[in-house]
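Visitor: So the sequence lines, in the order shown, correspond to chains A and B.
Take 0 as the starting number for the first sequence in numbering that gives the first Met the number 0 and just add one per residue.
Take 0 as the starting number for the second sequence in numbering that gives the first Met the number 0 and just add one per residue.
To be clear, the hints were calculated from the coordinates, so they are not data collected in a lab.
Just so you know, not all the hints are guaranteed correct.
Straight-line alpha carbon distances no greater than 25 Å define the calculated PhoX-like cross-link-like pairs of lysine-lysine that follow [said to hold, decoys possible]:
#1 B:Lys71 <-> A:Lys4
#2 A:Lys39 <-> A:Lys119
#3 B:Lys30 <-> B:Lys71
#4 A:Lys145 <-> B:Lys243
#5 A:Lys13 <-> B:Lys243
Calculated Cβ distances over 10 Å to all of chain A for the following chain B residues [claimed, not checked]:
#6 Asp59
#7 Gly68
#8 Asp73
#9 Arg88
#10 Lys121
#11 Asp122
#12 Glu139
#13 Ser147
Since this is a predicted model, take the numbers as computed values, not measurements.
Each residue gets a CB set at the ideal place from its N, CA and C atoms; glycine is no exception.
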Amino acid sequence: MVREKYHAELDELKQNISDMSAVSQEMFQKSIKALANFDKALAQEIIEMDHTVNDFEEKIENRITRLLALQQPIASDLRLITASYRISIDLERMGDLAVDVAKRIKKMDAEKILSISECKPIISTCEEMIEQSIKAYAELDTELAKDITTKDDIVDRNVYAGWQDLVQMMIDNSTIIENAVEMMFVLRYLERIADHTCNICESVIYIATSERVDLN
Amino acid sequence: MSGINDFADIKVEDLNLWYGSNQALQDINIKIPSKSVTALIGPSGCGKSTFLRCINRMNDLIKVCHIEGRVKIDNKNIYDEDVDVVELRKRVGMVFQKPNPFPMSVYDNIAYGPKIHKVSKKDIKGIVDKTLQDSALYGEVSDRLDSSALDLSGGQQQRLCIARTMAVEPEIILFDEPCSALDPISTNKIEDLILKLKEDYTIVIVTHNMQQAARISDYTAFFLMGEIIEFGETNQIFENPEEKRTEDYITGRFG
């Protein structure tokens, strides 16, 4: 009863998720680079990458539908399949949020770029969280997955502090209000990206143990 | 074994079975709860059908078979010398892989058991009607009770065999791959019937169909090379088995 074709399909599903993660990660990296350099051309490039991540989501959904219909998976296989579907949705949303960041960059006024100290820890922590969630999935490492919570707290704290700073800046100088509002949105999107990495880690724990945990 | 009620219709203790010098069952200890469906799964030759046949002493018919240990039904060991095997098989009915109706009418197939147990003719008519209804066959055969049972379809024959088993009012019904010779529609009917039957009977079923075990059973025992590797609630066995060998078998990584 060894099911070689079926297990090859499961391996391909894992590979699809891993490839999709790489695209979402690249979109994120480009979005923070575009933000740092105020690079509107790069921002446009990110917007155009959206369809790639959408295509991946569709491909994964089709593969999962086929697996469920034809293979009737059970136990850890079923957990892998259902959780991978959720992960593909998280990755697609992360891609959308990178696109949202890019759109905000395009709206900003180049003469009034704002610099806040919280940006650096938010970005570096988000980067680590994305890396960590991808690794946790690839290796089904529950400890690595659980560890994401502390990082999510760092992002949340800094985003809140960043908002406070931006509000103060707007009070001090009304001419930067538009850029400050765009920045508030950007911080919000980064915070949401971090939340999606937590969701991915929750799915990893579910695959490995069947436990449903809340990490954010 | 957590979550299983201590009260059990069938309690198996230190059961060992040999065919000649070949040990087919090893140290089986299991409590099968009453009025529930327990599925026995495992690769071919793992001992699940042998175990099933221990529950109504069908293995007595095999000369080279030697059994040690106890199978208790309501706390009475069915292998004790004072047990009447005919009476035991009335309490513990069995349905086989291939439908095996007697070469007689639909009515007589069901009436056969009660007649042997000296039930009056008048009562037999009531039993036939009731068991045909309970086995979801009545609507299909009520106008051909005098026709040969061999003219029924495979699925109808299997439900007739279930009705025949029920006619002697057993407490336990053993099913040995009851759907493996049936088409999907007949299989669905048998599965629905088994789910209904568990309200009144304790059911033990051997099946090679993993999804069937997951769909219809409350408890599942995984057998491998004559041993029970894992026994527990079906949801747990199929969602997150404790033993890696169970996981590997049900997900098709060996077997």
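Visitor: State for each hint whether it applies.
Guide: Checked hints:
no.: 1; hint: B:Lys71 <-> A:Lys4; in the structure: violated (44 Å)
no.: 2; hint: A:Lys39 <-> A:Lys119; in the structure: holds (20 Å)
no.: 3; hint: B:Lys30 <-> B:Lys71; in the structure: holds (9 Å)
no.: 4; hint: A:Lys145 <-> B:Lys243; in the structure: holds (24 Å)
no.: 5; hint: A:Lys13 <-> B:Lys243; in the structure: holds (21 Å)
no.: 6; hint: Asp59; in the structure: holds (32 Å)
no.: 7; hint: Gly68; in the structure: holds (30 Å)
no.: 8; hint: Asp73; in the structure: holds (34 Å)
no.: 9; hint: Arg88; in the structure: holds (33 Å)
no.: 10; hint: Lys121; in the structure: holds (49 Å)
no.: 11; hint: Asp122; in the structure: holds (45 Å)
no.: 12; hint: Glu139; in the structure: holds (29 Å)
no.: 13; hint: Ser147; in the structure: holds (38 Å)
Of the numbered hints listed earlier, the single one contradicted by the structure is hint 1.
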